[in-house]
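Let chain A serve as the given structure and place chains B, C and D on it in line with the hints.
Number of protein chains: 4
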Amino acid sequence: MKTAPGPGFSLVEVPVPAPGRSDVLVRVLAGGICGTDLHIYRWDPWARSRVRPPRVIGHEFCGTVVAAGEAVIGVSVGDRIAGESHIACGWCPRCRHGQAHICERLEIIGVDRDGAFAEYVVMPATNAWRLDPGIPSEVGAVMDPLGNAVHTALATELVTRTVLITGCGPIGLMAIPICRMAGAALVVASDVHPGRLALAAGLGADAVLDAAAGDVAERVHDLTAGQGADVVLEMSGHAAGVHDALRAVRSGGWVGLLGLPGEPVALDLANDVIFKAVRLEGIFGRRLWQTWEQMTVLLRRGLDISPVITHRLPLDRFEEAFARLESGEAGKVILTLED
Amino acid sequence: MKTAPGPGFSLVEVPVPAPGRSDVLVRVLAGGICGTDLHIYRWDPWARSRVRPPRVIGHEFCGTVVAAGEAVIGVSVGDRIAGESHIACGWCPRCRHGQAHICERLEIIGVDRDGAFAEYVVMPATNAWRLDPGIPSEVGAVMDPLGNAVHTALATELVTRTVLITGCGPIGLMAIPICRMAGAALVVASDVHPGRLALAAGLGADAVLDAAAGDVAERVHDLTAGQGADVVLEMSGHAAGVHDALRAVRSGGWVGLLGLPGEPVALDLANDVIFKAVRLEGIFGRRLWQTWEQMTVLLRRGLDISPVITHRLPLDRFEEAFARLESGEAGKVILTLED
Amino acid sequence: MKTAPGPGFSLVEVPVPAPGRSDVLVRVLAGGICGTDLHIYRWDPWARSRVRPPRVIGHEFCGTVVAAGEAVIGVSVGDRIAGESHIACGWCPRCRHGQAHICERLEIIGVDRDGAFAEYVVMPATNAWRLDPGIPSEVGAVMDPLGNAVHTALATELVTRTVLITGCGPIGLMAIPICRMAGAALVVASDVHPGRLALAAGLGADAVLDAAAGDVAERVHDLTAGQGADVVLEMSGHAAGVHDALRAVRSGGWVGLLGLPGEPVALDLANDVIFKAVRLEGIFGRRLWQTWEQMTVLLRRGLDISPVITHRLPLDRFEEAFARLESGEAGKVILTLED
Amino acid sequence: MKTAPGPGFSLVEVPVPAPGRSDVLVRVLAGGICGTDLHIYRWDPWARSRVRPPRVIGHEFCGTVVAAGEAVIGVSVGDRIAGESHIACGWCPRCRHGQAHICERLEIIGVDRDGAFAEYVVMPATNAWRLDPGIPSEVGAVMDPLGNAVHTALATELVTRTVLITGCGPIGLMAIPICRMAGAALVVASDVHPGRLALAAGLGADAVLDAAAGDVAERVHDLTAGQGADVVLEMSGHAAGVHDALRAVRSGGWVGLLGLPGEPVALDLANDVIFKAVRLEGIFGRRLWQTWEQMTVLLRRGLDISPVITHRLPLDRFEEAFARLESGEAGKVILTLED
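Protein chains in written order, with my numbering: chain A, 103 to 441; chain B, 103 to 441; chain C, 103 to 441; chain D, 103 to 441.
Pulled out of the complex, with its shape left as it was, chain A reads as follows (with noise of 0.2 Å):
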């Protein structure tokens, strides 16, 4: 929990929180740690504007409904659940739209509201996502950021088109199985850390590119006989990456944003973007609920998404957790609570 504004977190005790009408309340089992998350330990401007402690934080996770208000249809106690972190207000033009993830009006577990690095999350029912018996906790605990890659992926046709994934942190490389599930012709990664490398060429890339080590763009045009990427997904969130993006990107291609740039970006748009006749797509949340199903969909169909996942560790050893995440070299860190 955030107890008061200033960098870190506290272990505290807090009382079990009572569940609304349409809200359930939820025994967590296992939350993913986020760089959201961290930007919240660390206390950053955007922590700062946006977060108002005490907070409990966190907001991946999968866990069991163990009370559900009198209103609440379509979940059950007992059911394991994984949590969509956004809650849209149904009432807005874009919630009226079909376009609920973009809701005006969204508040997010964990940031706006108590999150679940917690025994127990309250949350609308509407938020549950009943997880099939044959998806695991810890993949149950990471299916929000995995939403943000299968909506990233598939926001445009992947089949027999050739793919670059600039960015392999967790989500770009949860991409590279969905990308080759999803029928594409050539899956190519690149990132600056050898081990994310490493560990894309493990998910099944067709090829990893250090982009420390030479031109990215260059040598997509190489494996692509000289066309560029039909696809590219940009998920560093670096100038770097989206300059990568934008070169390597054949003509009429398209990019599909979902990285967070922390600063503006310069871009050439007149050879970049518009002599290419280029789509730019900026990706954010997850469809509600047409990704939940295609992510279910995934896993039953035999998406592996394991080996993103490095390191699992007790929630009171959330210290610990932050500082693998900071170090740069871990995939995905869990925070396990169950027995």
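Hints may contain errors.
No copy labels: a pair is met if it fits in one copy or bridges any two.
[Stated by the list, open to error] List of simulated lysine to aspartate or glutamate pairs, DMTMM-like, C-alpha gap at most 25 Å:
(1) 378 <-> 209
(2) 378 <-> 181
(3) 378 <-> 317
(4) 378 <-> 320
(5) 378 <-> 324
(6) 378 <-> 422
(7) 378 <-> 214
In case anyone wonders, no lab produced these hints; they're calculated from the structure.
Then chains B, C and D, alone, in the frame of chain A:
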């Protein structure tokens, strides 16, 4: 004609060119001066890198077919035609994908081969579009930029959508009545030149915004119940226009980029593209030949772009015509060759 | 009210219904009679299988909110609203896919629960669409069928396309000015009733075709330079209309099917669909809530469907109203309850 | 060769044809027998109306370019190529719209001009697709029907979707591994021939349904949690297959129609298309040239259709080959001309 490297053009006598097997020889009736011609006139870095004198320039034109090669089909001597200035190879992957407008071996009339600011021009018959009898030759002379406007506007769905057009040069101005005919809910246009804003209002814009006198994006939000524009057509080619476009577009909206910025533009991708799930699309040339059919239908159906044409001068007064264009006060300037 | 199984309706006194937590109580201002109401009036096989008397019927209506349940948001007492008659469950796979118009547990006002040919009706607040002040109540009363017309017409791209509308009942008639506003190149309407064809011409059809007096498809080919219509909106629900639609549509064209044939229709799939690469799409209900927003914009932008409303009668003259409808001569018949 | 009107074919000596300016002369390596060839063999009403003897038949083939006209580009003597049998005019509205597969003046090799069941065939160079070295000639010989399968399957999104394929002839069989590679959630295939169902299972169908032994649509609903199939590929060309397709598809689903019914099919449009908001799409030929690129990528990526080819016979045993096909027991029958 650009007779030698350096600024300016000369009026010279040249032999009538001879059409090849698949070419037509066209007696030019009228031509439109484009910003590209101004770049070549001034002999700026782009022109120096691309144009090889001696070169007859001019790529917006209409004329009458006076001779045709033996393999020509679909066009006959006597036909009045407008020229599509982009000659696609027909064989590269883009051409074979139905994306000939971004052909890898594109050759442009008046840039890469002799153009139409002349009595006669030779061109492939495929690039000669037969004009409806009801279309005046001065409109025929600007089908090429009209096609840019149609291609950009109709690249997304407009019916019942709110539209902002940033930049009221000739193409931005032409886009206004196109958006109106396509059923837009609201058409707003912005520019810094009062004269162009007056033309925009005359062409049917519901609101015109002086970008020099206040924040365009704020006023667009005021005009759209706080939502922002569903669609933005960026036709200024200035960084300020691109920034207005991205700040004015609503979450989930679409931005077509046609104007060519001369330098990199710094974009706040996180806030303006990713969190808002905005789609950006670079637009180049005209769809071959869907855009030409769409233009033909719109003109038949009453599209009137004549107010965009502010000056008409005979070819031998080309120096005056370029001076008008350089002043920034003109709309489209036409060079005429009719007797 | 249908008080018991059998033909006809009765005018009876019933208690004012009480709204639930998420419902509104609406004082009805006007209602439109739909073909469905006629089926229930006649007590035909479909009605016998679906409707459970006693049942207040009527599903096209507008009224004023006079009471609201405690959980209602987005609508207030005093609002003038139009009713969306299709109540979606919000939980089935279709609802969770943004396709609530084909909800698996759809409940229809005036069919499956008490309707609006009454002084008061109770409905979920979500289904009450606040009307712009400029929209007359008699137009508000027919937003439901207007939504069918908008949903069908805007299910495909219309700008610069040629359109045939087969069937000039109220929905087909409403589609005519919608297609015009959306930028159609040509709008042709066919029917067998001369009175309806006259209404069609008055609503802006470029050509009207008497289906009883010649081959509709042939004349459409004549009107489209031999190509056929790019788009056909089938709104007759008759086998002859479907056949005309498929024969009139061009290769690669699109046919929206809204009219409900009472019996199987024999189609020459090889020649009329497969060799021509035609796309057919069944249209049902209204997109929730995109269609309602589109309707609102079109009405604000000047869409005038008032000529479609040919008769206005007070509720207690309902027998006369149904007789008008049965005659086949009426457009839309409105029942009014205003003082 | 069909030497004269009437059933059967003859093996005759004819002169080697001479290529025109834009043609190639191809030494045939192998050809596939299509249902169309069987119609011509039997000289049924369709064949009598379309084919003008004397005519060399055969339109599925691969071979080696042995001579090329002076204007040929993109293909060279010595290249091993597969033939696209549909020759588009390049000038009609459909061709100019990027829809050359439904060209208005389509000419078919082996039907409208001499075909490939011969040592040599002349064809436009544009229609010769250079084969990857890794593709066996017998696969090259069936690129034409493989393209039908790819065109149909990839005409809609397949990733995470459930698919039913009605009809397990060669094209239906080929569609099975294509759907698998494209990431389908489930691939179900139906037919009435046990031998074909066994082939279907061998090609990777998750379930095979004997249409003679029970209700296909009911079993599809059982396999899809009551939803029905997201996608149906109708490849039987029989009324029963079309009915199964429409009853098995879920609300909002998509049906691709490729099989050619010989007679009109009576459809319950109200219940099976309109209330369910189903989309139907007629599929013809192959997208020029996207389908060919997709085929090439799929084959490179491991698509194995060799189990579909059940018989390989030399050209002079063509009578036996046609007999095999007529038996209904064969998959694809190949005629070979290799030494």
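(request) Please name the hints from earlier in the document that this structure breaks, with their numbers sorted from lowest to highest. (result) Result: hints 2 and 6 break, sorted rising.
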